[in-house]
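Protein sequence lines correspond, in order, to chains A and B. Taking our numbering, the leading residue of the first sequence gets 701, the next gets one more, and so forth. Taking our numbering, the leading residue of the second sequence gets 701, the next gets one more, and so forth.
Fair warning: there could be bad hints in the mix.
Far from chain A by the CB rule (all over 12 Å, computed), these chain B residues [claimed, not checked]:
1) Lys765
2) Pro858
3) Tyr874
4) Asp912
5) Leu941
6) Asp975
7) Phe1011
Below are the DSS-like pairs computed for lysine-lysine, each with C-alpha atoms no more than 27 Å apart in a straight line [as the list claims (entries may be wrong)]:
8) Lys788/B x Lys971/A
9) Lys847/B x Lys935/A
10) Lys931/A x Lys1004/B
11) Lys793/A x Lys1004/B
12) Lys971/A x Lys966/B
Honestly, the hints are just simulated from the structure, not real lab data. Using N, Cα and C, we set each Cβ at its ideal position, and we do this for glycine too.
There are 2 protein chains.
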Amino acid sequence: MAEDRTITIDDVARLAGVSRATVGRVVGNYGSVSEKSKERVWEAVKQLDYQPNLIARGLRSQSTKTIAVVIGSIRNTYSTALVYAVEKEAQKKGYNVLICTTHEDIEKEIKHLKDLNSKKVDGVILMSAYRADGSMDEKYREFYIGKLPIVFVDRNIPGINRDVIQSENFDASYKATQYLLNMGHKKIGIIATSNFSTVQERIKGYRAALTDAKVEFDESLIASVDELSDKMSRKVCHAFLEQHPDVTALYILNNSLCSGVLLDLKERQIKIPQDVSLLVWDDEEYNELLDLTTIEQPITEIGKQATRRLFELIGEPEETADYECKKLKPELIIRKSCTAPNQSK
Amino acid sequence: MAEDRTITIDDVARLAGVSRATVGRVVGNYGSVSEKSKERVWEAVKQLDYQPNLIARGLRSQSTKTIAVVIGSIRNTYSTALVYAVEKEAQKKGYNVLICTTHEDIEKEIKHLKDLNSKKVDGVILMSAYRADGSMDEKYREFYIGKLPIVFVDRNIPGINRDVIQSENFDASYKATQYLLNMGHKKIGIIATSNFSTVQERIKGYRAALTDAKVEFDESLIASVDELSDKMSRKVCHAFLEQHPDVTALYILNNSLCSGVLLDLKERQIKIPQDVSLLVWDDEEYNELLDLTTIEQPITEIGKQATRRLFELIGEPEETADYECKKLKPELIIRKSCTAPNQSK
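Next comes chain A alone, as it looks inside the complex:
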């Protein structure tokens, strides 16, 4: 069977001279169809070498009772907490959850979607690898706007009309920056993978808070890490602090970058919060242990709402309107990693 086979249910319907729905009923073995139509459909199936399993999508009775959740990595607290919440919700409806990882590579994401589109699942919860600064080839858009129900979480893709459930990134980031500014920090370094849409919103929130506090925005204080790994963030943090030894606070926009930063600070014997204040997005198991002040996203709620919305869409596959973007509120958990800046700096 060719991978990119293009025979569709419509081809079968056309050749058999019946409706698309009738083909669905015959091949899916449900509902009532006349013997004559059945004959015609199977004849057309045979002639076209049509693979009936490809029509699973859109036909409720052909449900695979499976949804997919597509995430960047499973080595990331946000993603794993999201999957956990989705699984919990899906289980209530007796659905299996497949987890697909993109390693933050849009090409891999599209490969997954292509695959999921054609045969495997009833719907997708998607934490897209799309980068706000990258342009996606137009031809790939079809995989996001087809009949397969999709709910975006966290990040969205401009111009794709699908439901999005995410955090109030701008507001939460504004508030966190204000918290540091009110302590007296003026040189606040950012460590982030800056090209995700969410992170860009967080940077906008940071920038707006600086502006409102009349602190000059300095682009060079934003250190960008290409990869969500502690090895890479340790390296970037190291170079950043060499160049900017005068920062009094570090604001980390992705939890996956935190352990690398902590390892670099440890190596330099920089004390938190005495020498540098630290504020981190997303609560890790270890954040409590290390007393890190954290912006905690309502990930469980995001996963729950995304799954519920997906089930609504699965129930009404024809629905094309009423896409909405829902923003939930993160919480600033104040621990002990932030204090007034060291005056000697």
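Chain B: place on chain A using the hints.
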């Protein structure tokens, strides 16, 4: 389409009066088959309402180019590192990897296998939720011994003849315990989920080291946590230390239990290693930061070898012999969390 449909390729072959392979060729649309046989096969398919997609397994040309990795949880370093290694290896062959989680529930595992068996993947890498003290219903064994290629990692199921790739749990645990004994520890508490086969081997290694050092084995020093969560391990550790304030070292057999233990020690203001030495299985990102002495399993190598073995099996689906159990060697990474016991205890 009924979920538990039992019409098989053999039924079709029998009715059509052709071989299983011929049915495969017709429905899978590959190879050469006479027009007459084709006719017969499609007639039988129609009569039996046979769903051709169910024959994907075993037929190489029907490959979905997808393998599954079944793990307990994605909130566990061992599992995520395993999946990462499997994905890396699978990618070289152009395969997608689906991740299925069991939440350490054997019923969920069987549901996944049932599903994967019937239609979705070319092979499975399985970190089984089977508990050494639980008995699995005989009727479920079929899902482990069918035609679907399976490679077990980490844990195995007695009586199931499948490849197993795992660590030398006994030896590594013996060595780690010996390391603590040589420092002078005699009261070494264990925190573990004791009913996995791997953990039982680790406990045997611990026990053997005690015996060889002529230190009495005390069953009550094994604290068992039912669930791989930090909330639960914190609670169990708390109760355990109330009962055994005289332990001088804690030996944690699953990384997922570690943060809970650390939180309890922090709450009690117990210092590591001054008050209690700590030795942990599996290296977390944070273990280096917290200077924890760790037994590091060769997870990447386990994942790599399991995937390679699976691809061998996919290439030869008829093979039934030569199953083997491979044991790889973990490494003891000595950091600063262990020291001679506090004499005041």
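A quick look at each hint next to the structure:
1. Lys765: Answer for Lys765/B: violated, closest chain A Cβ roughly 7 Å.
2. Pro858: holds (27 Å)
3. Tyr874: holds (29 Å)
4. Asp912: Nearest chain A Cβ is 35 Å from Asp912/B, so the label holds.
5. Leu941: At roughly 17 Å from the nearest Cβ of chain A, Leu941/B sits farther out than 12 Å, so the non-interface label holds.
6. Asp975: holds (17 Å)
7. Phe1011: At about 18 Å from chain A, Phe1011/B clears the 12 Å cut-off, so the statement holds.
8. Lys788/B x Lys971/A: Given that 27 Å is the threshold and the Cα spacing comes to 37 Å, the pair is violated.
9. Lys847/B x Lys935/A: violated (47 Å)
10. Lys931/A x Lys1004/B: holds (21 Å)
11. Lys793/A x Lys1004/B: Distance of about 35 Å is beyond 27 Å: violated.
12. Lys971/A x Lys966/B: OK: Lys971/A and Lys966/B at ~19 Å, within 27 Å.
In summary, the structure is inconsistent with hints 1, 8, 9, 11 from the numbered list given earlier, while agreeing with the others.
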